[in-house]
Amino acid sequence: MTRAPLGFTRMVLGLHQSAPRRATALAVEFAALFDIELLGLFIEDLGLRHLSSIPFAREISSLGGGWRPIEPARATRELDFAAGDAERRFAEAARGLGRRRFEVVRAGAAEALAAILRSGDLVMIGAPLAAAERAAEPFASLLEAAFGSSAAVMLAPARPARSAGPIVAIASGPDDPSIAAAAASAEAAGEEFVVVDLRAGAAEDWLAARRAAGPRLAFADDALPQALQALRERLAVVSRGAVGDRIALTIVATRSVPTLSVDGRER
Amino acid sequence: MQEAVKPVLAEDARSRPSPPDWVYVNSFAKPDRPIAVQLPSGRAPGFSEAMRKLIEDLKIAAPAAFQSEDYQTRRSAIDEAFQKKQFEAFSALREKAGEKAILLLRTPVGFALAPSQNGQVVPPDQFAAWPEPKRRQARADIEALEADLERIVRQTPQWDKQRRDDVRALNRETAKFAVDHLIEEVAAAFADLPRVAQHIDTVRADLIENVPMFVARSDGGEGQTGEPAQEAPFDRYEVNVLIAQNGAAGAPLVEELHPTLGNLIGRIDYVSSHGVLMTNFRLIKAGSLHRAGGGYLLIDARSLLIEPYSWTALKRALRRGEVAIEDVGRFLGLTSTVSLEPDPIPLEVKVVLFGDRLLYFMLSAADPDLDEHFKILADFEDDLPRSPQSEAIFARLVGSIARRDGLKALDAPATARVIEHAARLAAHSGKLSLRVNDLREALIEADFCAREAKRDLVTRADVERALQARVRRASRLRDRMQEAIIERVALIATEGARVGQVNGLSVVEIGGFAFGRPTRITCQTRPGGGKVVDIEREVELGGPIHSKGVLILAGFLAGRYALDTPMSLFASLVFEQSYGGVEGDSASSAELYALLSALTEAPLRQDLAVTGSVNQHGDVQAIGGANEKIEGFFDLCAARGLTGTQGVLIPAANVQHLMLREDVVKACADGRFAVYPVASIDDGIALLTGLEAGQRQADGAFPPGSVNRRAEDRLHAFADIRRNFGKDGAGPAANAEAKR
Chain V
1 MTRAPLGFTR MVLGLHQSAP RRATALAVEF AALFDIELLG LFIEDLGLRH
51 LSSIPFAREI SSLGGGWRPI EPARATRELD FAAGDAERRF AEAARGLGRR
101 RFEVVRAGAA EALAAILRSG DLVMIGAPLA AAERAAEPFA SLLEAAFGSS
151 AAVMLAPARP ARSAGPIVAI ASGPDDPSIA AAAASAEAAG EEFVVVDLRA
201 GAAEDWLAAR RAAGPRLAFA DDALPQALQA LRERLAVVSR GAVGDRIALT
251 IVATRSVPTL SVDGRER
Chain X
1001 MQEAVKPVLA EDARSRPSPP DWVYVNSFAK PDRPIAVQLP SGRAPGFSEA
1051 MRKLIEDLKI AAPAAFQSED YQTRRSAIDE AFQKKQFEAF SALREKAGEK
1101 AILLLRTPVG FALAPSQNGQ VVPPDQFAAW PEPKRRQARA DIEALEADLE
1151 RIVRQTPQWD KQRRDDVRAL NRETAKFAVD HLIEEVAAAF ADLPRVAQHI
1201 DTVRADLIEN VPMFVARSDG GEGQTGEPAQ EAPFDRYEVN VLIAQNGAAG
1251 APLVEELHPT LGNLIGRIDY VSSHGVLMTN FRLIKAGSLH RAGGGYLLID
1301 ARSLLIEPYS WTALKRALRR GEVAIEDVGR FLGLTSTVSL EPDPIPLEVK
1351 VVLFGDRLLY FMLSAADPDL DEHFKILADF EDDLPRSPQS EAIFARLVGS
1401 IARRDGLKAL DAPATARVIE HAARLAAHSG KLSLRVNDLR EALIEADFCA
1451 REAKRDLVTR ADVERALQAR VRRASRLRDR MQEAIIERVA LIATEGARVG
1501 QVNGLSVVEI GGFAFGRPTR ITCQTRPGGG KVVDIEREVE LGGPIHSKGV
1551 LILAGFLAGR YALDTPMSLF ASLVFEQSYG GVEGDSASSA ELYALLSALT
1601 EAPLRQDLAV TGSVNQHGDV QAIGGANEKI EGFFDLCAAR GLTGTQGVLI
1651 PAANVQHLML REDVVKACAD GRFAVYPVAS IDDGIALLTG LEAGQRQADG
1701 AFPPGSVNRR AEDRLHAFAD IRRNFGKDGA GPAANAEAKR
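From first to last, the protein sequence lines stand for chains V and X. For the first sequence, our numbering gives the first residue as 1, with consecutive numbering after it. For the second sequence, our numbering gives the first residue as 1001, with consecutive numbering after it.
What the hints contain is simulated information worked out from the structure, not anything from laboratory work. Wrong hints could be hidden among the right ones.
Distance ranges between label pairs, derived from CB positions [claimed, not checked]: (1) Asp1206/X with Leu129/V: 26 to 34 Å; (2) Gly64/V with Ser1272/X: 40 to 48 Å; (3) Asp1206/X with Glu111/V: 55 to 63 Å; (4) Asp1165/X with Gly173/V: 50 to 58 Å; (5) Glu111/V with Asp1165/X: 37 to 45 Å; (6) Ala1029/X with Gly64/V: 50 to 58 Å; (7) Leu129/V with Ser1272/X: 51 to 59 Å; (8) Gly1098/X with Leu129/V: 21 to 29 Å; (9) Ile1060/X with Asp175/V: 23 to 31 Å; (10) Pro1346/X with Ala164/V: 43 to 51 Å; (11) Gly148/V with Asp1148/X: 26 to 34 Å.
We put the CB at the ideal spot given by N, CA and C, even for glycine.
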């Protein structure tokens, strides 16, 4: 199997009924950039289907209007529509992409991902715009399953801020795995490569580690938003882990920039 | 006329105070009602420039303020606080639900809570298989959590509103910081002008409220702002300088040559944007009424009256004492797009209308408003009495025209020739025409002749050549008519004598060129009921004044000859080979001579031509165009060869009007042509027939053989014929007797 410079062979775009629409376009953009296959995976949430068959099931509209019963027929119709709509949008967005596929699976998010992921996969998940949606199912389970897997995870913002700009590695030292991934991404994208070191007083380390043609450096000194503000990045790359996952979610939510979480292990 | 008036007004305008400047600024409360602001003379450009500079500075300062670290930090904090509040509330609910094996689900339109097992929603068949108490408990737990969920969902819009309020307050604070120190400079420069200061305060308030909108989102994901979106939003703070005196001393003197409604009262322009016509306060243009504010506005009345809506708009402005810019498209129903209603601007102007008398009289009769708005009538003479003094003044006028127009100076003989020409234009030897434009045109052409001849001064020959050239260029029709006479297509005799036939003279004026044309007038008489028939009138080619002249002839005949017998004449008069209309009574004396000749069978000299009107007493009265008429007959005679007996009979009252061409004057002086002033019909008939006219003698009769005696006798004979007509054998025989 051909491997792109980053080591990914396939991007799995995790879609569900409340996934942001722009995630598909972003997945196509990065799949093309990394020259990898794109698999659109619509996970039709069994939970909602099951709930609709429970007699007292009801939902509250986030747009007002109070409570109303969840009717099985309507729930099925809405889920079918969401799957069809996602497929249509995928087909349209990925029209120019050589290797692409779309699948609909009816399962829980964790099960669906576990069943389909393999070595060399990059999972992309669209983060809902509203914080409420990020706290609810199925996104919460999907995110948990993705971060629980060994695959690299890219979180896509609901409204990407820009489509050009430097690729920024958010690192904790010169050896942080995010740096290599960001460097490869920058090369693939033809963008500038920047490293932001989160540690206070990190400059000293870099003086020793920096090579002649090294990346542009920035230092967050515990104030990452301000450091990123000046960079106007296109993609942020972080290392997997509790801190990295939290940073990834924060960057997506506050800066509307896609964030790639890598574990740094050789693929 | 304008040339004479303008310097006088200009001098007066210079002594008046310079009027204020006016600008239009945006009305932030009502953008369709731009606000007019008055500034002291000459300060509007400075105000405009200060606002323009303010905008330029803001274009840099505003984005910088919104990109500042401080703003970004505070903005992020607000957004994050909102997100955090929402996320924490839902996360807490999710956690609380999880403790009771309940899942929080996102549905297509909202949120729901579901019983779970192993982290998944319980399938319905399994749920049904649960023991009843467990199911009841799950339902109770869900109902309790639903209350929490509802509270959070209902709280979310309030959190969002709080976020928006916080962002707005932050934006306002940031904008105020960016705007205040910049606008203070402008405010300080115009602190002495309360109205301007008030506007600057309004601008400040609007900027603080709206600057964030004018700054493009440079970083959409962060919901923050960056570069200017476009220039247009800042345009609302510009100043439209409508009127600025620009340091000019005194009041303005404006001449409006094209007084359309828009040119007069100003207009509102439009620009096309995406196929829609748009406008704003910056597209308001001043009219001449604005520009002439505090001074004088000169308008040609005819031009004003032929422009739609201009006259009424001018009156409206004068009546209201203010200029309100109106969209002519609206009057006509052509404008369907949004327009403006700018503040009217107070009007303090003296409007001077120029026009000819006829126009004034017509306008005065047709529009009673004229007197209300134009109270001062200045009726300028067209000419001035000719005297050595006035000739000297006129010579200076000629000199000043030449100087002002950059023409070569005239030598004394040339000036004298121009003065002669002015007298000719006045059609009066004792007057000089003040039609300056006509003089100027002649001078320009004379200047051209002098330049062609490489002369430093314009000579009499140059003036003569110029005048002749002007005639030559316009004389094609005259020449063709004369050619027709020479070739005997049009029958005009210039020698011999004929009964009932006389040479009349008329004036043809086409395209400003007038010339005299000889016309053969003939008459036939016979016994009848006292009627003189004007054939021109019968065929509706004669105008009312001409008909009146012919009717006067009947009155003359009846008064002079039919004192004791009924008027028993039938006479017909006609302008031979005349195919157009005939108007005026200047041929009535000629018609009377033809009639008397026909009646008396006394031949009339054909080497003479006649002009002049006549009254019922036989007095010959003055007519117009005497010079042209004389020259018309002279040209014909000269073309055929002057015999020395040829000439023209003119009313004696017209002698003063004679300003004949040099060649005519010379021919008369040499005895080759003659002009005969005639005061009465008797004078004229004697000259034309070579017979004595005859005066009534003591016995009441005219002398035998005189024209009058022959006329009276013939009329008596006609009366006899009529009296005997119808009696046996009397008709034809008696008629034959009368002819003898």
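We went through each hint and held it up to the structure:
Taking 26 to 34 Å as the suggested C-beta distance range, the pair Asp1206/X and Leu129/V conforms, at roughly 32 Å. Taking 40 to 48 Å as the suggested C-beta distance range, the pair Gly64/V and Ser1272/X conforms, at roughly 42 Å. Between Asp1206/X and Glu111/V the CB atoms are about 58 Å apart, so this pair conforms to the stated range of 55 to 63 Å. For the pair Asp1165/X and Gly173/V, the beta carbons lie near 42 Å from each other, so the given range of 50 to 58 Å is not met.
Checked against the hint of 37 to 45 Å, the pair Glu111/V and Asp1165/X passes, with Cβ atoms roughly 44 Å apart. As the Cβ distance of Ala1029/X to Gly64/V is approximately 33 Å, the hint placing it in 50 to 58 Å is violated. For the pair Leu129/V and Ser1272/X, the beta carbons lie near 38 Å from each other, so the given range of 51 to 59 Å is not met. Between Gly1098/X and Leu129/V, the C-beta spacing of about 24 Å keeps the proposed range 21 to 29 Å intact.
Checking the proposed 23 to 31 Å range against Ile1060/X and Asp175/V shows it is violated: the Cβ atoms sit about 43 Å from each other. Pro1346/X and Ala164/V have their C-beta atoms about 57 Å apart, which leaves the hinted 43 to 51 Å range violated. In this structure the hint that Gly148/V and Asp1148/X lie 26 to 34 Å apart at CB holds, the actual value being about 28 Å.
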